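> Here are the chains, one letter per residue:
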Amino acid sequence: MNLDKQLQVDSSPQSPMWQLTIARVRDFYREPAAIFWVYGFPLVLAVALGTAFRDRPIERIPVIVVADSPNPNVDTEKILKSLGMDSRLEVTLADSAKASRDLATGKASLLVIPKGEKPLLRAEKNRPESAMALGIVEAALLRARVGEMHQGKEEVEPDIQVETVAEVGGRYIDFLIPGLLGMNLMGGGLWGLGYVTVDLRVRKLLKRLVATPMSKIHFLLSLVLGRMGFLLLEIILLLGFAWLVFGVRIQGGLLPLAAAIMLGACCFQAVGLLVASRATSYEAVSGLMNLTMLPMYVLSGVFFSSDRFPLLIQPLIKLLPLTALNDSLRGVINEGQGITDISGNLIILAIWTLAAFFMAMKLFRWR
Amino acid sequence: MAAILCSGLFKSYPGKPLVEAVRGLDLRIEEGECFGILGPNGAGKTTTLEILEGLQDPTSGTVEILGKSWADHGNDIRQRIGITLQETRLSEKQTVAETLGLFRSFYKRGLSLDAAVAIVGLEAKKACRIGTLSGGQKQRVALACALVGDPDLLFLDEPSTGLDPQSRQQVWEVVRALKVRGKTILLTTHYMDEAEKLCDRLAVVDHGKVIALGSTDELISQFGGGNLVEFDTPRKAPSADVFNRLSGVKTVKLTHHENPGEAASHVVLQMAQPHLALPELLTMLEKAGAGLLSLNVRQATLEDVFLALTGRNLREDGK
Ligand SMILES: Nc1ncnc2c1ncn2[C@@H]1O[C@H](COP(=O)(O)OP(=O)(O)OP(=O)(O)O)[C@@H](O)[C@H]1O
Ligand SMILES: [Mg+2]
Chain A
1 MNLDKQLQVD SSPQSPMWQL TIARVRDFYR EPAAIFWVYG FPLVLAVALG
51 TAFRDRPIER IPVIVVADSP NPNVDTEKIL KSLGMDSRLE VTLADSAKAS
101 RDLATGKASL LVIPKGEKPL LRAEKNRPES AMALGIVEAA LLRARVGEMH
151 QGKEEVEPDI QVETVAEVGG RYIDFLIPGL LGMNLMGGGL WGLGYVTVDL
201 RVRKLLKRLV ATPMSKIHFL LSLVLGRMGF LLLEIILLLG FAWLVFGVRI
251 QGGLLPLAAA IMLGACCFQA VGLLVASRAT SYEAVSGLMN LTMLPMYVLS
301 GVFFSSDRFP LLIQPLIKLL PLTALNDSLR GVINEGQGIT DISGNLIILA
351 IWTLAAFFMA MKLFRWR
Chain B
1 MAAILCSGLF KSYPGKPLVE AVRGLDLRIE EGECFGILGP NGAGKTTTLE
51 ILEGLQDPTS GTVEILGKSW ADHGNDIRQR IGITLQETRL SEKQTVAETL
101 GLFRSFYKRG LSLDAAVAIV GLEAKKACRI GTLSGGQKQR VALACALVGD
151 PDLLFLDEPS TGLDPQSRQQ VWEVVRALKV RGKTILLTTH YMDEAEKLCD
201 RLAVVDHGKV IALGSTDELI SQFGGGNLVE FDTPRKAPSA DVFNRLSGVK
251 TVKLTHHENP GEAASHVVLQ MAQPHLALPE LLTMLEKAGA GLLSLNVRQA
301 TLEDVFLALT GRNLREDGK
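Protein sequences appear in the order of chains A and B.
Sequential numbering from 1 applies to the first sequence in our numbering.
Sequential numbering from 1 applies to the second sequence in our numbering.
Looking at chain A on its own, in the form it has when it is part of the complex:
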């Protein structure tokens, strides 16, 4: 071996920042599974949920008129006729046993039991359709009664006009897309910094890197930079897809949107770093990530509005970073809000970011 020839010294290395970042990017795009979960999965979710909750005309509400009423002097026919005039109802006739069974199993939303002057309406207390049916049936019976009083007309039209609309911006898919975006920012930040760092630690590669003259700042920045690159692609893909397929439009400006996305991304990257600061096994980091993400998936309004949770815990929910992010994104995308409108939520995100980052730096183990 001619060593002196082999050991020629080369003193023009490439930038370590660039090398670290490009290594991150390679690790990612050479992993087909990762690409699917980051880029494909949210689109699949959007399609699945967007189709499932497509805005369909409301189905007709099933109502049963009980036929074997013990009271013979009641005009069951009359009730059937007045209810039959309302197109929102689907009226059938059944004996009381079948009727009770159907009410119990949800096949019928309301039972009408003819009982002389005052027919009995039986509704299921906990079911929203029952409450709706109750309103509709009451109104129909009332209209019939009023018509009767006015010279035996069968029905009078109320002095009301009704109009229904399905506006872009108010559909479920419009609600869903910002939620998916927020979810992606959270998952991406936690994986991209948290899991990746612990992976390096478990493989002892982090220790190996720290033993070189590598700057730790470069290392952290490269993770952030790599993440931001992937993120840009994710956002363009998700919002572009939602626009092309579902016609979801961004009502607000790009600046407040970018601000919310950037802050959200930074926030969850900082949380990712915090989660990774001590964990020395895949199990530990997965557990911590789930512990962080699961409550927010449920509480922060990804798939349904967080307003549904009890009033008591609302202030807490509002302080969660994902709630703040989702609310900002929905504000900008759905309602066209500007920076000032979402500033409260942005401040919440900024506080989380700083707190998580400083705590992470305090706890972080480079070995």
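The hints are simulated quantities; they were obtained by calculation from the structure and are not laboratory data.
In this text, all values refer to a predicted model and were calculated from it rather than measured experimentally.
Don't be surprised by glycine CBs; every beta carbon is placed ideally from N, CA and C.
You may find that some hints are simply not true.
Covered by chain A, per the in silico footprint, the following chain B stretches (three or more residues, Cβ under 8 Å) [claimed, not checked]:
1. 70-80
2. 85-92
3. 98-106
Based on these hints, arrange chain B with the ligands on the given structure of chain A.
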């Protein structure tokens, strides 16, 4: 100036009970030396190395690397050392060249990537992903990562453990080539053949302390040197005194077995000149009626030194 100087090194890990991994260790390794730390599992080799590499802080004691201290000149030291850890899994998805390029970028000066792969003999694998390499090839990539910064001082933690004989040979070739080039090398091992073949000087470490120091020859001669005559007898051998009276015998190690069907006694004699003592030995055994099952004469090795010092084998499997 010494390349590595450490004194009074202590390191304990928290736990119940407290693990005292290093317990008062002093080393002085000169520039251009290839120094080996030889010790069994858990002796504290890795811990010592990581303290010297600046990866762990000692509980107490001082460390000087290339005349500098970690606290004041950490980055200067890092620019001039290269290390391999006992266990590192490089990213499988990156190619050899990409991995080396990453490591190269951290150093102000160093080798070209071609030179680095050439030293470890992986020219043909330069464009291959790490995931497709064999264990020995991966180990050599790790070695190349330690070399891209053209370091003056190398720390190699068990460079050939877990490799097949050919791969070990290749790793040794690389280390020898570096020695020729005047690099200072500190390596740990629990293979005595590796220590004998590569190291100018050795520290035998056990329970976090240096229990013997010197070149292989020095250590063996401190132990008494010479040859070992090992044999079994079918019937109980005479007492140690009888063996001691044979000419040139230095030490006698006698083990008796009770199990029927096995040899009754196992005897190890250390002696300077077996050709003189052997005829005497055979006559004596015949007279004593002990008989002879098998006889084996060999040179004393580091293994015997370690056994004599600690009463244990260097490796748990005894090989
Ligand atoms: N992080 C740690 N926490 C607690 N104890 C540790 C830690 N690292 C090592 N030890 C303990 O310190 C002792 C010395 O370990 P060390 O890894 O230095 O041994 P070694 O000589 O390198 O062994 P091997 O030949 O198996 O690599 C062992 O008893 C080990 O269990
Ligand atoms: Mg070790």
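> The structure should be examined with respect to each hint, and the outcome stated for every one.
A quick look at each hint next to the structure:
1. 70-80: holds (count 3)
2. 85-92: holds (count 6)
3. 98-106: holds (count 7)
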